[in-house]
Amino acid sequence: NAGVTQTPKFRILKIGQSMTLQCTQDMNHNYMYWYRQDPGMGLKLIYYSVGAGITDKGEVPNGYNVSRSTTEDFPLRLELAAPSQTSVYFCASSYLQGASTDTQYFGPGTRLTVL
Amino acid sequence: TQLLEQSPQFLSIQEGENLTVYCNSSSVFSSLQWYRQEPGEGPVLLVTVVTGGEVKKLKRLTFQFGDARKDSSLHITAAQPGDTGLYLCAGDWGGGFKTIFGAGTRLFVKA
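As given, the protein sequences belong to chains A and B, one line each in that order.
Count the first sequence with the numbering used here and you get residues 75 to 189, in order.
Count the second sequence with the numbering used here and you get residues 1212 to 1322, in order.
Hints listed in this document are in silico derivations from the structure and should not be mistaken for laboratory results.
Treat the numbers as computed from the prediction; the structure is a model and nothing was measured.
Just to be clear, a hint being listed does not mean it is correct.
Stated by the list, open to error - Cut-off 30 Å, straight-line C-alpha distance, at most; resulting in silico cross-link-like pairs (DSBU-like, lysine-lysine): (1) B:K1281 to B:K1270; (2) A:K118 to A:K83; (3) B:K1267 to B:K1321; (4) A:K131 to A:K83; (5) A:K118 to A:K88; (6) B:K1321 to B:K1270; (7) B:K1281 to A:K131; (8) B:K1281 to B:K1268; (9) A:K118 to B:K1268; (10) A:K118 to B:K1281; (11) B:K1321 to B:K1268; (12) A:K118 to A:K131; (13) B:K1267 to A:K118; (14) B:K1281 to B:K1267; (15) B:K1267 to A:K83.
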């Protein structure tokens, strides 16, 4: 099993550009999550999904969109990139609901810079 | 706003030393998790503590959940260079997806 994979690993965007961060898991997990990690800050939940076709906002959803057409894939879309979105983005998945009852498996991250 | 504060923010020690890092909050958590994150990688779960006063051991790592379930500590005995990394605590306070992460303690163990 590859676990959780993310592409790309690095990306530089200009202000106003758009892009999609890809996330795929091969563990047949129902639950998937997107976090951002800023220097000196904890991980912040952007969006999460409890299964194909179902998504919901986390703590910091503004400026992002997600979709979940399959169990395996959970892409994160930035429509109009802003410097405030410069961060490292992590995708995660889990079998059961919520981090307290199950292990979240994280991908290696995408480092995004918006100039 | 729920907050998890971790201390110290940064710790640099020699191989063989012992250390303790802390995770504190004014809120009660139903459970708390500790993760380790290495550069260029995502966090990896080390342990989950659920019961107030609970102590869990993972080789040289000892995790304790406070009696009131508001704080936790991670003690490393005889630290090794392989312990170098960012240690994150994460608390679940509302069930479901209400999990918050601390900013982490960055540990560097010198050989």
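Against the structure, the hints:
For a cut-off of 30 Å, the pair hint linking K1281 (chain B) to K1270 (chain B) stands: about 25 Å separates their Cα positions. With a C-alpha separation of about 19 Å, the suggested pairing of K118 (chain A) with K83 (chain A) holds against the 30 Å cut-off. For the suggested pair K1267 (chain B) and K1321 (chain B), the alpha carbons sit about 26 Å apart, so the restraint of at most 30 Å is met. This hinted pair checks out: K131 (chain A) and K83 (chain A) have alpha carbons roughly 24 Å apart, not beyond 30 Å.
For the hint pairing K118 (chain A) with K88 (chain A), the CA-to-CA distance comes to about 23 Å; that is within 30 Å, so the pair holds. With a CA separation close to 20 Å, the supplied pair K1321 (chain B) and K1270 (chain B) stays within the 30 Å bound. With a C-alpha separation of about 26 Å, the suggested pairing of K1281 (chain B) with K131 (chain A) holds against the 30 Å cut-off. For the suggested pair K1281 (chain B) and K1268 (chain B), the alpha carbons sit about 19 Å apart, so the restraint of at most 30 Å is met.
Taken as a hint, the K118 (chain A) and K1268 (chain B) pair is honoured in the structure, with Cα atoms around 28 Å apart against an allowance of 30 Å. Between K118 (chain A) and K1281 (chain B) the CA atoms are separated by roughly 20 Å; this keeps the pair inside 30 Å, and the hint holds. Of the pairs offered as hints, the one joining K1321 (chain B) and K1268 (chain B) holds, with about 23 Å between alpha carbons and a cut-off of 30 Å not exceeded. The hinted pair formed by K118 (chain A) and K131 (chain A) meets the criterion: a straight-line CA distance of about 11 Å does not exceed 30 Å.
Straight-line distance between C-alpha atoms of K1267 (chain B) and K118 (chain A) comes to about 27 Å, which keeps the hinted pair within the 30 Å bound. Note on K1281 (chain B) and K1267 (chain B): the hinted pairing holds, with a Cα-Cα distance of about 17 Å set against a maximum of 30 Å. Taken as a hint, the K1267 (chain B) and K83 (chain A) pair is broken in the structure, with Cα atoms around 35 Å apart against an allowance of 30 Å.
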